[in-house]
Structure formats: structure tokens, C-alpha cells
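As a plain string of letters, each chain reads:
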Amino acid sequence: MFDKNKMADDIKRMIILLADQYSTLPDRINDDDIILDLGILDSPAIIELLCQYEEKYKFEIEKTEITMDNLGTVNKMVEFAIKKIQRI
Amino acid sequence: MRTLIRNRVEVDPQKVVLRQLSLNDVSEKYIGWLNDPEVYQFMGLRHKIPVAQQDVIRYIETCNKNKRHHWGIFNDGEHVGNVTCGYYERNYHWADISNIIGEKKFRGTNLAKFALVGAIDYLFNIAGLHRLQAGTVSLHFASIALLTNIGMRKEAVLKKASIVDNKYVDHIIFGILKEEWLKRNSKIPSVKVIRPFWE
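If you read the sequences in order, they're chains A and F.
Numbering (our numbering) for the first sequence: 1 to 88.
Numbering (our numbering) for the second sequence: 1 to 199.
Misleading hints may appear alongside valid ones.
[As the list claims (entries may be wrong)] If you want the footprint, here are the derived chain F segments under chain A, 3+ residues with CB under 8 Å: (1) 105-116; (2) 135-145; (3) 173-187.
Just so you know, the hints here were simulated from the structure itself, not pulled from any lab data.
Quick reminder that beta carbons are idealized off the backbone N, C-alpha and C, glycines included.
Working from the sequences, and respecting the hints, build out all of it.
Below, the structure written as C-alpha cells:
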């Protein structure tokens, strides 16, 4: 069984830790917030986030899988990770 | 994703300069970037590959003749990428802005961010523009993150207006007004911009 709440918290922690030093952090990140719209991750950070996400859940993201539908929000990242893990 | 660069170099914004490109800047290295799939994969340029030396010369000549900003990004004197205003709406004082980071070791660094902030500061404060816009395909997460992070606003999603890898994908337009830029709450450092010959 997957603990979706823990997975969501872990992903949010990654986002916060990768947040750009020049940005103002939001009070909280909601599971359905569009991550890119938060404006706190710059391009190096978004690449790092996806790398850490792959490493944490031990799968690889194909180039064609990098879409807003798969990875646009914390919730979508949780669901996508579960699908990928189940396919392994 | 794991193959993407993670051993990034640190960029000191004080060592970065934007300068209008001239024919003296045309080099094999520069032409090589434009033919690198990692660089052109999400750019309109991908439909014009291969890019030859003559194409680059013609583009620089056109930019200089038409007073379009086509800056090289120089890090400690080394040409490593470009920031370009490829389209101007001169009657309404706005332009389209884009960038490339050609030199591999600078991809995934803060260089693009510092260079874009420098260019936008210049275009609003010196060149007299009042609006800038930028576009990217919806698959290009790094570009979307960059534009959002520097303070640009997502203004439009053009549904399936582009093609990547033989599939229709959305094209996203970002914009920002001068007054929004000046009011934004950001501490991103800017870089030095050398005035082109016409300003």
C-alpha cells in the first residue's frame, strides 16, 4: 500500500528545499497547486526536482512523460509515481 | 532525467555581460549550439536544421540592420549563449524575448535567469519598451519554470499550436508589463548590458 499523504509531504519538502533563494516562499503548498505557477522553482531547480523524484521512487521518467498531466501538481506527481512503481 | 547535467558550475552575475552580436562573434562553436538537439528541441529553430554559417551571418546582419536586440551572453569573456528579441511591435512598444544557453556546462545553471533579468531591465528602462512576451511549448518545463520564476505571467495557452516529436502540443505565452516588472518582489541579480550602437 502507498501512503499518499507521506508521498505528498515528501514531494513538497523537495520543492521547498529546492526553492530559489531569490523567491518568497508561499505560506503553504497545496496538493493541487500547479507547481510551475508557484514561481519558486527556476529551471535548474525543476530539473533537480525531477531527478530527486526519480531517485526517491526508483524509476526513470521518459522525455514524453514530462507533461503537466503527469507531473503538474503534487497530487499528480504522487499518482504518477504510484503508476510507475506498479509497472516495475 | 538522470542523464541531465547536475554538476553545475556556479555563475557570478558580475562576470556576465550582454553585448549585441556582430559578425566577429560567428564561430564554429556558436553554429554548433544551433545544431545541437538539446538546444533546438523546443525552439522554432528545430524546423530549420541544419543551420549553416551563412544563416547565422544573415541573421546577425538582419538584427543589426533592423535594430533588433540580439545579445550574446558572455561569461568572463566567453560567448556561452544568446538573448534575442526576435520580434518587435514598434507601434505598441513591445517585443518578444527568448534565450538559449549553448555552452553545455552552463545549462541548468542560473545563467539564463541572470541574463534574462539583465535584458528585461534594459529593455524596459533603456530601450523604452512597455511590454515583453515570451513563448514556449508546454513540454518545456525548464523554460516555463524560468519564465514564471523571473516574474512573467502566463497569459495564454494556445491549444495544440505547436508540434514536438510529431505530436501536437500546447504553446504557452508569458507576458509582463514594465510597471509589473518594476513592482515585482525579486532579488534576482541583474547583469551588465552594453548598449548597442543605435541606442
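Outcome of the hint check:
Chain A is given as covering the region 105-116 of chain F, and this holds because 5 residues of the stretch bring a CB closer than 8 Å to a CB of that chain, at least three being needed. Chain A is given as covering the region 135-145 of chain F, and this holds because 7 residues of the stretch bring a CB closer than 8 Å to a CB of that chain, at least three being needed. Residue count for the region 173-187 of chain F with a Cβ under 8 Å from a Cβ of chain A: 3. That meets the three needed, and the coverage hint holds.
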